[in-house]
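Going down the list, the sequences are from chains A and B.
Just so we're aligned: the first sequence equals residues 1 to 244 in the numbering used here.
Just so we're aligned: the second sequence equals residues 1 to 771 in the numbering used here.
Note that these hints are calculated values from the structure, not bench results.
All values derive from a computational prediction rather than experimental measurement.
C-beta: ideal position from N, C-alpha, C; glycine also.
Worth double-checking, as some hints may not be accurate.
Covered stretches of chain A (in silico footprint by chain B; criterion: 3 or more residues with CB under 8 Å from a CB of chain B, positions within the stretch not fixed) [stated by the list, open to error]:
{"hint": "1", "region": "135–144"}
{"hint": "2", "region": "154–164"}
{"hint": "3", "region": "168–182"}
{"hint": "4", "region": "200–210"}
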Amino acid sequence: MKRLFLIGLPLVAMAACTTAPRIGPPAPIETRGGWGPGAAANAGGAAPPQPQAQTPGVQVYPYHAPGTAPPGASQASAAAQAPPGQGSLAGGGAPGELPMERPGNQAGVPPLAQQSEQTPSARQPQTLAYAPPPKRPVLPPAADALLQDAERQRQMRDYVGAAATLERALRIEPQQAYLWNRLAQVRLQQGYSAQAANLAARSNSLARDEPGLKQDNWRIIAAARRAAGDAAGAAAAEQKASGG
Amino acid sequence: MLLLFVSAGLAGGLYAVYLDGKIRAKFEGKRWALPARVYARPLELYAGRPLTAASLQEDLDLLRYRKVSDPRYAGTYARSGGRFFVHTRAFRFWDGPESEHVLDIEVANGQISVLKNATGGGAPALVRLDPVLIASIYPADNEDRVLVRRKDLPDLLVKTLLAVEDRGFYHHYGIDPVAILRALWADLRAGAVVEGGSTLTQQLVKNFYLSQARTIKRKLEEAVMAILLDRRYSKDEILDAYANEIFLGQDGKRAIHGFGLASLFYFNRPLNELTIPETALLVGLIKGPSYYDPRRHPKRALARRNLVIDTIEQQGVITPEQARKAKAAPLGVSDKGGRPAGSYPAFLQLVRRQLQRDYREEDLRTEGLRIFTTLDPLVQAAAERAVSARLPELERARRFKAGTLETAAIVASPSEGEVLAVVGGRDPNYAGFNRALDAVRSIGSLVKPAVYLTALSMPQKYSLVTTLSDTPVSIRAGNGKLWQPENYSRKVHGPVPLYLALAHSFNLATVHLGLSLGVDRVANTLARLGVERPIDAVPSLLLGSISLTPADVAQVYQTLANGGFRAPLRAIRDVLDASGRPLNRYPLAVQQVADANAVYLTTWAMQQVVKQGTATYLLRRLPASLTVAGKTGTTNDLRDSWFAGFSGDKVAVVWVGRDDNKSARLTGASGALHVWADIMANIENRPLPDLVPDGITDVRVDPSDGLLAAAGCGRAVTVPFESADVPTRTSTCGGVQPASPKPGKGGPTAVAQEKSLRSVFGEFMRGFLGN
Numbered sequence: 001m002k003r004l005f006l007i008g009l010p011l012v013a014m015a016a017c018t019t020a021p022r023i024g025p026p027a028p029i030e031t032r033g034g035w036g037p038g039a040a041a042n043a044g045g046a047a048p049p050q051p052q053a054q055t056p057g058v059q060v061y062p063y064h065a066p067g068t069a070p071p072g073a074s075q076a077s078a079a080a081q082a083p084p085g086q087g088s089l090a091g092g093g094a095p096g097e098l099p100m101e102r103p104g105n106q107a108g109v110p111p112l113a114q115q116s117e118q119t120p121s122a123r124q125p126q127t128l129a130y131a132p133p134p135k136r137p138v139l140p141p142a143a144d145a146l147l148q149d150a151e152r153q154r155q156m157r158d159y160v161g162a163a164a165t166l167e168r169a170l171r172i173e174p175q176q177a178y179l180w181n182r183l184a185q186v187r188l189q190q191g192y193s194a195q196a197a198n199l200a201a202r203s204n205s206l207a208r209d210e211p212g213l214k215q216d217n218w219r220i221i222a223a224a225r226r227a228a229g230d231a232a233g234a235a236a237a238e239q240k241a242s243g244g
Numbered sequence: 001m002l003l004l005f006v007s008a009g010l011a012g013g014l015y016a017v018y019l020d021g022k023i024r025a026k027f028e029g030k031r032w033a034l035p036a037r038v039y040a041r042p043l044e045l046y047a048g049r050p051l052t053a054a055s056l057q058e059d060l061d062l063l064r065y066r067k068v069s070d071p072r073y074a075g076t077y078a079r080s081g082g083r084f085f086v087h088t089r090a091f092r093f094w095d096g097p098e099s100e101h102v103l104d105i106e107v108a109n110g111q112i113s114v115l116k117n118a119t120g121g122g123a124p125a126l127v128r129l130d131p132v133l134i135a136s137i138y139p140a141d142n143e144d145r146v147l148v149r150r151k152d153l154p155d156l157l158v159k160t161l162l163a164v165e166d167r168g169f170y171h172h173y174g175i176d177p178v179a180i181l182r183a184l185w186a187d188l189r190a191g192a193v194v195e196g197g198s199t200l201t202q203q204l205v206k207n208f209y210l211s212q213a214r215t216i217k218r219k220l221e222e223a224v225m226a227i228l229l230d231r232r233y234s235k236d237e238i239l240d241a242y243a244n245e246i247f248l249g250q251d252g253k254r255a256i257h258g259f260g261l262a263s264l265f266y267f268n269r270p271l272n273e274l275t276i277p278e279t280a281l282l283v284g285l286i287k288g289p290s291y292y293d294p295r296r297h298p299k300r301a302l303a304r305r306n307l308v309i310d311t312i313e314q315q316g317v318i319t320p321e322q323a324r325k326a327k328a329a330p331l332g333v334s335d336k337g338g339r340p341a342g343s344y345p346a347f348l349q350l351v352r353r354q355l356q357r358d359y360r361e362e363d364l365r366t367e368g369l370r371i372f373t374t375l376d377p378l379v380q381a382a383a384e385r386a387v388s389a390r391l392p393e394l395e396r397a398r399r400f401k402a403g404t405l406e407t408a409a410i411v412a413s414p415s416e417g418e419v420l421a422v423v424g425g426r427d428p429n430y431a432g433f434n435r436a437l438d439a440v441r442s443i444g445s446l447v448k449p450a451v452y453l454t455a456l457s458m459p460q461k462y463s464l465v466t467t468l469s470d471t472p473v474s475i476r477a478g479n480g481k482l483w484q485p486e487n488y489s490r491k492v493h494g495p496v497p498l499y500l501a502l503a504h505s506f507n508l509a510t511v512h513l514g515l516s517l518g519v520d521r522v523a524n525t526l527a528r529l530g531v532e533r534p535i536d537a538v539p540s541l542l543l544g545s546i547s548l549t550p551a552d553v554a555q556v557y558q559t560l561a562n563g564g565f566r567a568p569l570r571a572i573r574d575v576l577d578a579s580g581r582p583l584n585r586y587p588l589a590v591q592q593v594a595d596a597n598a599v600y601l602t603t604w605a606m607q608q609v610v611k612q613g614t615a616t617y618l619l620r621r622l623p624a625s626l627t628v629a630g631k632t633g634t635t636n637d638l639r640d641s642w643f644a645g646f647s648g649d650k651v652a653v654v655w656v657g658r659d660d661n662k663s664a665r666l667t668g669a670s671g672a673l674h675v676w677a678d679i680m681a682n683i684e685n686r687p688l689p690d691l692v693p694d695g696i697t698d699v700r701v702d703p704s705d706g707l708l709a710a711a712g713c714g715r716a717v718t719v720p721f722e723s724a725d726v727p728t729r730t731s732t733c734g735g736v737q738p739a740s741p742k743p744g745k746g747g748p749t750a751v752a753q754e755k756s757l758r759s760v761f762g763e764f765m766r767g768f769l770g771n
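Looking at chain A on its own, in the form it has when it is part of the complex (with noise of 0.2 Å):
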């Protein structure tokens, strides 16, 4: 038996020599479904990602510990819809059309560029969409810092960080009409026009002797409008954002 043993032990080493060593980190393992970077770029060239009633991808990167991406996830990511962040408890719809979010630049955002090409009337909410913020009330540090954080994030196009940095200062600061305005804007950005108008209405809401803010509410409200192929509201709520 130790004869045998000593006799296979260089063998079994030259055997491993057989197979060839590992190049690199060993590859993702897929379950179904993907992530990643190029998910949302392949969301880049439609209107808001449509809902699906598939359950979200989960992948395993096994052998990777906690904060380290692997090399291959980009590639291996495959596109894969959010179904809507549907409600509530009792699983109802959502407002608006937010689906649920996967991070990234530009996830589900249709460029504006290609937005105005679906909707000719699109043009001018295009122009509108990039007006310079209503000026910046003054906050509790706290919710400042989030905001500033935010806007860096939303001129960065990284509209779902910002938009999750400008929901935790809502968290700290709800009656804040300001914050509404920057998450309506980020939305509207991202292209859920419907959400930006809902998100714009209750900034003016809680508005009070801000005749900016409440302006570019309604230039948020009127490119909703417009989106939405309603061009008389979007013709009023014009009229209200010239201060009319």
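Use these hints to put chain B onto chain A, whose structure you have.
Coordinates of chain B only, in the frame set by chain A:
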């Protein structure tokens, strides 16, 4: 002979190839099924945040921060009165990592008055504590582990592990003949097995790939595979796998694997916070987790730990001085370690429902998802305490046998629709029937704000002081029977101003109002506010014949509390994958479903419920600075006792009743209201915002006729109006002089009418005050 050699070698070679495949499949495949971790909301710290010292302490306790004199390590804090020095733990959230901080926090007058970096530097704008772990969803084999990376393994742990288990780890080829000989020698000298010669690699192979049988064949196989493993993977990769695979204890059905979880399981702290004696104990446990179980066999465990300490001292890992101190330390094992803090079955049912819609059960059990929920453990604790203290009291007062009454409660944030707490019954730890989500009960007068909102949405027709008629009603219902509702007091109050009819919950006035509005219209309002169940638009709907769950009601009142903007109630904020990368987010979404000014007026009337109506108990129970609005609800035969209401940043619904649907002998005001008050009095609350929206004007009016009050009118009240529909005529205020000559609607006939109304109203006031 040669042939024999060659063929044996060939067979061995083929076998090795087979084993190699087996190794790779496991090592590079999905190695472990990782349980999902469910977290509560993180506590946000910033100057000015409403927070009591007790609440901060409670959160630190739930997070198992250790109280020390000098918080040098993450996860420790020092406290003196309202001043806390907290060394926070780093944590990875959806939006990125929150780094470690040493904070100097001062809590005074119910808020954080000072927040500074204790180490100097500027004051941070805001800092999140790590979130409390509230649950784990385990894989089918009940193996539990917390993955740690090689680079996160503390140096001390690695050195101790190698000193005790495998001194030659970084030099051998998977097996260590020197160690085998040394072990053999030691065993021979001792006459028993005192030392093993297995390398870490062999131990890993044994756990990973092989049965536990002790045969020569298995031992051989183990050696071969160890060599193959060592050849194919780096030492650090092997160490990483070992550190996560090693079995270190048993907790009921749950098997404790890996150092990451073992650290939590035995010491309630993450691995990087462990001291020398604690590290020595963990390493010592490898030899026999149940034999040396420090909870069941502390003496054995202590001896084993000290042996390990001696070993690492001999190897120069620690100094003799450190060893002396370490051996003098107690075992330091905590109870209940590594388990989720508290148990939140009712809230978790809600989380599971939301998850099951979007994830497969298998993924929840194996993918190591990190689920960040909206649970506020402080609010949840207050709600549970309120229920368990108040229910026995209500039973005694109503002469019920203990355990007769049941209850449910749900608390949410109005602006975001985040569910903060769920109580599913009087025993919050019971994971059975969840009344907050599943008990469908008649809501009684909780429906009334929807009736009044419907009216106030037509400001040209209705104001808060529109006179309603509280007189008997008799309607032939669809089944041919007569429906003759009564007031709770069985009295009739005649003409009453609209807001008082809501404040006192007059049924007859509400029915008259609802019928003139149209039941369909009220049903429509309810649906818009968030009722997703079918609504039977019959007259009895006006008095709350509709049956809803507390959670359904919470959705309706969330919309009211949020100025007419419905935000679907959510229990999950976001989900990260096992490696801490963002997977999904459930974003905040709102939809305007009611006119903001009409909601403001309705809320004003709901404040009158508290100020002068059926819920004045709250005036005594809550601090004067905390303004709230709400509504009591009582159903036939006192079967259901409800209260639903909101402050500036919390909306809460409480139900008290019986599972057998018999009388609970409680009105909304005598039952649920008390539980509601207990909850609200013990959580952080902001008052209702005192801003008056644009388009609303406060006007002094005579409540008996709804006209402007003259300067000297004693019974005048200040009531908000839609600015465009402020009354233009002045009331006589019970006097005989004609209305002021202000131009406006109405003429002499109107004045005559007012007079008669006024006298009836006076009667009502007397009658009402008399009862």
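Structure-based check of each hint:
| no. | hint | result |
| --- | --- | --- |
| 1 | 135–144 | holds (count 4) |
| 2 | 154–164 | holds (count 4) |
| 3 | 168–182 | holds (count 6) |
| 4 | 200–210 | holds (count 6) |
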